[in-house]
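Taken in sequence, the protein lines are chains A and B. Anchor point for the first sequence: position 17 equals 17 in this note's numbering, and the numbering is continuous, going up by one each time. Anchor point for the second sequence: position 156 equals 229 in this note's numbering, and the numbering is continuous, going up by one each time.
Some hints could be false.
[Unchecked claim] Okay, derived cross-link-like pairs now, DSSO-like style, lysine-lysine, Cα gap no bigger than 30 Å in a straight line:
no. : chain 1 : residue 1 : chain 2 : residue 2
1   : B       : K459      : B       : K553
2   : B       : K336      : A       : K8
3   : A       : K8        : A       : K43
4   : B       : K553      : A       : K64
5   : A       : K5        : B       : K551
6   : A       : K5        : B       : K550
7   : B       : K235      : A       : K5
8   : B       : K112      : A       : K25
9   : B       : K219      : B       : K112
10  : B       : K553      : A       : K25
11  : B       : K112      : B       : K235
12  : B       : K118      : B       : K235
13  : B       : K203      : B       : K219
14  : A       : K8        : B       : K195
15  : A       : K64       : B       : K551
16  : A       : K8        : B       : K337
Simulated from the structure, these hints should not be mistaken for laboratory data. Quantities reported herein were computed from a predicted structural model and do not represent experimental measurements.
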Amino acid sequence: MRTLKEVKVGETATVAGLRGEGALKRRIMDMGVTRGTEIYVRKVAPLGDPIELTVRGYELSLRKSDAELIEVY
Amino acid sequence: MDIYIALAGNPNSGKTTMFNDLTGSAQYVGNWPGVTVEKKEGRLKGYKDAVIQDLPGIYSLSPYTPEELVARRYLVADKPDAIINIVDGTNIERNLYLTTQLIETGVPVVIAVNMIDLVRKKGDEIDLEKLGAALGCKAMETSALKSEGSLAVAEAAVALVKSGGEQAEVPPIFSGSVEHALAHIEESIEGMVEARFLRWYAIKLFERDEQVVAELNLDANLMAHIDAHIADCEKSMEDDAQSIIINQRYDYISQVVSLAVNKKNKGRKMSASDRIDRIVTSRALALPIFAAVMTLVYYISITTVGSLVTDWTKDTLFGELISGNLRTWLGAMNVEPWLIGLVVDGIVAGVGSVISFVPQMLILFFMLSILEDVGYMARVAFIMDKLFRRFGLSGKSFIPMLIGSGCSVPGIMASRTIEGERDRRMTIMTTAFIPCGAKMPIIALFAGALFNESGLIATSAYFIGVAAVVVSGIILKKTKPFRGEPSPFIMELPEYHVPAMTNVLRFTWERGWSFIKKAGTIILVSSVVLWFLQAFGVRNGALQLVEDSNTSLLAALGGVIAPIFAPLGFGNWKAAVATLTGLLAKENVVATLGVLYGVAADSGGAGAWGSLTADFTKLTAYSFMVFNLLCAPCFAAMGAISREMNSGRWTAAAIGYMTVFAYVVSLLVYQLGTLVARASSTVLVAAAVFMLVAVVTAAIVRDRKKRKGCAGGCAGCPGADTCGGRGK
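Could you put the whole structure together from the sequences, leaning on the hints where they help?
What follows is the structure, encoded as structure tokens:
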């Protein structure tokens, strides 16, 4: 399944589910990234990582390796 | 009896401003017991019996971070009388997530929809009645920045408490099957917890919350029974319990928001912040802009305004006005010369040299506080993260180091915002490598005395500091306590906003104060002790004043330690003593050298330090400088490290590491330097340098290789236990 890491800048994707477990997964969900949430990939940081996403109206920064845990449609 | 009102909300929701609004100057800042989380409380303005307890900014009440644990423990165990929940109106969905959890704690809640001025500016509308009804509590508008509404919210909270504090009906956040399971769980634990917290505990047990499970310590049979209900629910909803709860919270919030909030700009149009970020975090301009901003900050605070004020304070204020007049005045009163010496040359000179730095520090902290309040620091962490990750840290570690360039003490304290414990510890251990304001005089001294005021010395000092951080990161990452996956970097990039001057001034003062306190206490004491040790010696078997410092107690002490420094090139007692006094405060190094070589601490240039040049060569001076820059920080910084590490073992490790590291680097500098100077063959030297570079490069490159070549799966891969199966 496609993950958020593969979504290109400027694209919007909808969250299908989350891999991983424990504190990391909890944290990602706490920040509003849940099943059915729309995520817009706004940009990549100047050095290539992390990425900036628009989630529920605010800007969230996530590392690409963490973005790999988010499955999207 | 005092009423306690907790102030809870997301980071960046304007909580600090509201806290300041509600309590004014009647604040008290400390630490929550046992953890390094800041605790702030204050009296509510206008009330004799109401206290506002500020809780750390949190996104949720999960059991994972110390801040969240502190907050939930306060709410459920200490039981405040009411909660004021600050919700950022411009970011309402994520903020309401915490709200849904707060209303479950059984403590009555009043919602303050903050930043309402920005909401209006955006053109959005929030129906407070509908919002309040959907969440079972009163919702009010506030704009903490404009001081609108904060006191009204507090009044409402007090009224709520006085009227009995009954929480309204619990809103229907969870679905039928979940409520069903919750009812079973409540039944199972009835009587074990206070009635009003029953639902809270039930929900936490449903989520399999580690902290609650440990706290309740239920009988194994009971746990199995409860677990069966949870498993049933999980099976029918095809998801794990924790995710079910979180999803349903957010689903409910979406409904509430569509009902009560009317957003004008429903699309993906760029906000002002986004437009600014288009440039500030763009690929091409981000780093140049950062460099420019930092150069400006340092230029204003240190090079121009800063040094102007500092020089005036040192020379005019302390030099002429205080020292001069004091000496005359005491002399006129026929005070013993040694006492005059103690007061003027010991105390005033020592303390004065530190106080003279305060203006510079305050200006620097003022500028950094503005950058933080505006929201730029988050962008800095965002930009720098990739770089820092390479060295085992995260972008968030950059900020403590930035602050540390002014003074390590607030820098080390700033590491509190870093989440992962490993990252935090490593940041604390390496922050003090960055040359702080107090190390400046050391650099300036040698640059002036031996290197012809060359600016290159200062630059190289910063480079060495940064290199020390980088190399430490790489080395420490390979050791057991620090190995493993890097901590996640999940960070909000808040909207830019005009800095709130009260916040900025408060931050500036808080940071500057730690620097000043150092002067008033440690340096005062050390100046006295130092003065005493170098003024007195043992002559004819008795303790008396000596004239030649070479026969003083200090010299004796120095003579004992000096041999340790011989391999580093500065094995004379004066250098040894100066380094030792540097432990008390780095400024002391210069002060001590000044006293020992008979030069007033603030004069510069090769002429004044002529006697110094007799004892130091260019190489030994550089080696000395490097050692003092990198070794254990001053006592105040050590105190900060001890507070933040919250563990004697780690504090000792941090200080030990820095000192050993300094020794090794200094050793390399001196020995290799001597080799280079004496080298009969340039080929040999070139070979030595080449080998050094090769070793360092190999260390870095080997790290990268481990990350990039993982197409073949984990079996048999040497890096399997550290990379966690994710390859890159």
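Is the hinted pair K8 (chain A) and K195 (chain B) satisfied, with a Cα-Cα distance of at most 30 Å?
-> Cα-Cα ~28 Å, so holds.
Is K64 (chain A) close enough to K551 (chain B), meaning Cα to Cα at most 30 Å?
-> The hint holds at about 23 Å.
Taking only the CA atoms, is the gap from K118 (chain B) to K235 (chain B) under or equal to 30 Å?
-> 17 Å, holds
Please work out if K553 (chain B) and K25 (chain A) have their alpha carbons no farther apart than 30 Å.
-> This hinted pair holds, its Cα atoms lying about 25 Å apart.
Are the Cα positions of K219 (chain B) and K112 (chain B) separated by 30 Å at most?
-> 25 Å, holds
For the pair supplied as a hint, K5 (chain A) and K550 (chain B), is the alpha-carbon distance within the 30 Å limit?
-> Roughly 26 Å separates the two Cα atoms, so the pair holds.
Proposed proximity, K64 (chain A) with K553 (chain B) (alpha carbon, max 30 Å) = With a Cα-Cα distance of about 25 Å, the restraint between K553 (chain B) and K64 (chain A) holds, given a limit of 30 Å.
Agreement of K203 (chain B) and K219 (chain B) with the hint, judged by alpha carbon distance not exceeding 30 Å = 25 Å, holds
Below or equal to 30 Å on CA atoms is what counts here, so check K459 (chain B) against K553 (chain B).
-> Judged against 30 Å, a Cα distance of about 23 Å means the pair holds.
With a cut-off of 30 Å on the C-alpha distance, tell me whether K235 (chain B) and K5 (chain A) pass.
-> 52 Å, violated
When you check the alpha-carbon spacing of K5 (chain A) and K551 (chain B), does it fall within 30 Å?
-> Cα-Cα ~28 Å, so holds.
Holds or violated: K8 (chain A) to K337 (chain B), with C-alpha atoms at most 30 Å apart = This hinted pair holds, its Cα atoms lying about 27 Å apart.
When held up to the earlier numbered hints, the structure conflicts with hint 7 and nothing else.
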